[in-house]
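Spelled out, the chains give:
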Amino acid sequence: MEICKSAVAGTLESSDAQIWVEPGDGELELFIDSVVEKQYGEEIRRVVLETAASMQVEHGRITVVDKGALNCTLRARLLTAICRAGEISYDFGGRAE
Amino acid sequence: MTEEFWSPLRGKRLEAVRDFLQAQGLRWDERSASTLLFLEEDGHIAACGSLDENILKCIAVSQERQGEGLAARLVSGLTAQAVQNGYTHLFLFTRPEKGELFSDLGFYEVAHTPDILWMENRRGGIRRFTDSLRADPPPGGVTGCIVAHADPFTRGHQYLCEVASASCDQLYLFILTEDRGMFPAADRLRLARENTAHLANVRVCGSGPYLISYASFPDYFLKEAQVLPSRYDLDLTAFAEKIAPPLGITRRFVGSEPFSAVTAGYNRAMERLLPERGIEVVELPRREAGGQSISAGRVRDLIRRGQVSEALPFLPVPTRRYVEETVCRTK
Chain A
1 MEICKSAVAG
11 TLESSDAQIW
21 VEPGDGELEL
31 FIDSVVEKQY
41 GEEIRRVVLE
51 TAASMQVEHG
61 RITVVDKGAL
71 NCTLRARLLT
81 AICRAGEISY
91 DFGGRAE
Chain C
1001 MTEEFWSPLR
1011 GKRLEAVRDF
1021 LQAQGLRWDE
1031 RSASTLLFLE
1041 EDGHIAACGS
1051 LDENILKCIA
1061 VSQERQGEGL
1071 AARLVSGLTA
1081 QAVQNGYTHL
1091 FLFTRPEKGE
1101 LFSDLGFYEV
1111 AHTPDILWME
1121 NRRGGIRRFT
1131 DSLRADPPPG
1141 GVTGCIVAHA
1151 DPFTRGHQYL
1161 CEVASASCDQ
1171 LYLFILTEDR
1181 GMFPAADRLR
1191 LARENTAHLA
1201 NVRVCGSGPY
1211 LISYASFPDY
1221 FLKEAQVLPS
1231 RYDLDLTAFA
1241 EKIAPPLGIT
1251 RRFVGSEPFS
1261 AVTAGYNRAM
1271 ERLLPERGIE
1281 VVELPRREAG
1291 GQSISAGRVR
1301 DLIRRGQVSE
1311 ALPFLPVPTR
1321 RYVEETVCRT
1331 K
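For the protein sequence lines, the chains are A and C, in the order given. Quick note: the first sequence uses my numbering, first residue 1, plus one each step. Quick note: the second sequence uses my numbering, first residue 1001, plus one each step.
Calculated directly from the structure, the hints in this document are not laboratory data. Glycine included, C-beta positions come from ideal geometry on N, C-alpha and C. Errors might be hidden in some of the hints.
Stated by the list, open to error - Rough simulated footprint, nothing fancy, chain A against chain C, three-plus residues with beta-carbon under 8 Å:
| id | stretch |
| --- | --- |
| 1 | 1079 to 1088 |
| 2 | 1104 to 1117 |
| 3 | 1130 to 1142 |
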């Protein structure tokens, strides 16, 4: 899926994450800024890359400003940001359209 | 607590916010297009923050509500609004001692002076900007630069470029990216390229959001008569410490400024701030045509008054052609 515009989802409140998805040149770039980077940085990276891959996002820039979000929250925020950036709708109860 | 969103803030609430900020040692900024408020049950302000295009400002939390995450809610809310308005590269200015609070909220330093910390929401944003401009391999010798609005590009600009080009091995010509003048940035950039095509060592590029931008130096675009000397410092510090070193720039060329007080003040500030940071400032006297100093401001005045033919002697051929075409088209 192509990222056609910049989008953001989530908040900076505790236990949430603000995730930016932006168009970029070349391969997928990922920036993680987390209060629990030392403990869970690798886990966050894995969840984000997996979620991006599940939506076939191969180019662009993803920035995660994490405030201790659970994996399910990270996934939901990223999916929302990707859908906004790709201008598609997504059925969270089922599968991508 | 209740939440209110104003675009713009006015009336009694505006007065309350003004007082609230003042009590915290901050000043209300008239250029706040929208404001997000958190109010206590009794109507008192718990926290406020405003948005001016891509700039977050006037962010404050009451003494009683410190440490409850209200700043995070403000920044989240203002960010969402900015993105909805089409801005994704966001900036804020704060006191240096507040830097940590905002770096926890996804903001990173662009530059700082002893009084102000300038932050952006992209990690290494300013470094990416210089990376995108850097010549590979880096050229030897002296690298100079000119920063110009070029609204439009005159024979004065061309003269400045020719002199600077001859005295440097490489010259960066930064054309202001902000679209707040008479001619659009894309056209100004293209004309700068055409007008310097004969100078092989000139690299023409946009100034981006870091050099004389609405964020770094708003006064340039606001046309106010009086500018505090300290208002120049942030833009020039960012240039001297974050932009010039990676690009190897050691000389900045500028035309003397007999007309605009803001620009003349900026030139003085350059002389005050740049040499001590290893950048030589070369100020060239303005070129004249027909006994008059060449100035883009004068060209714009003549165009506005419909006296286009009188403006033409100030313009090099590509600009002349462009002005004739665009001005005739709009007539």
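For each hint, the structure was consulted:
1. 1079 to 1088: holds (count 4)
2. 1104 to 1117: holds (count 3)
3. 1130 to 1142: Violated - the stretch 1130 to 1142 of chain C has 0 residues with a Cβ nearer than 8 Å to chain A, which falls short of three.
Consistency with the previously given hints fails for number 3 only.
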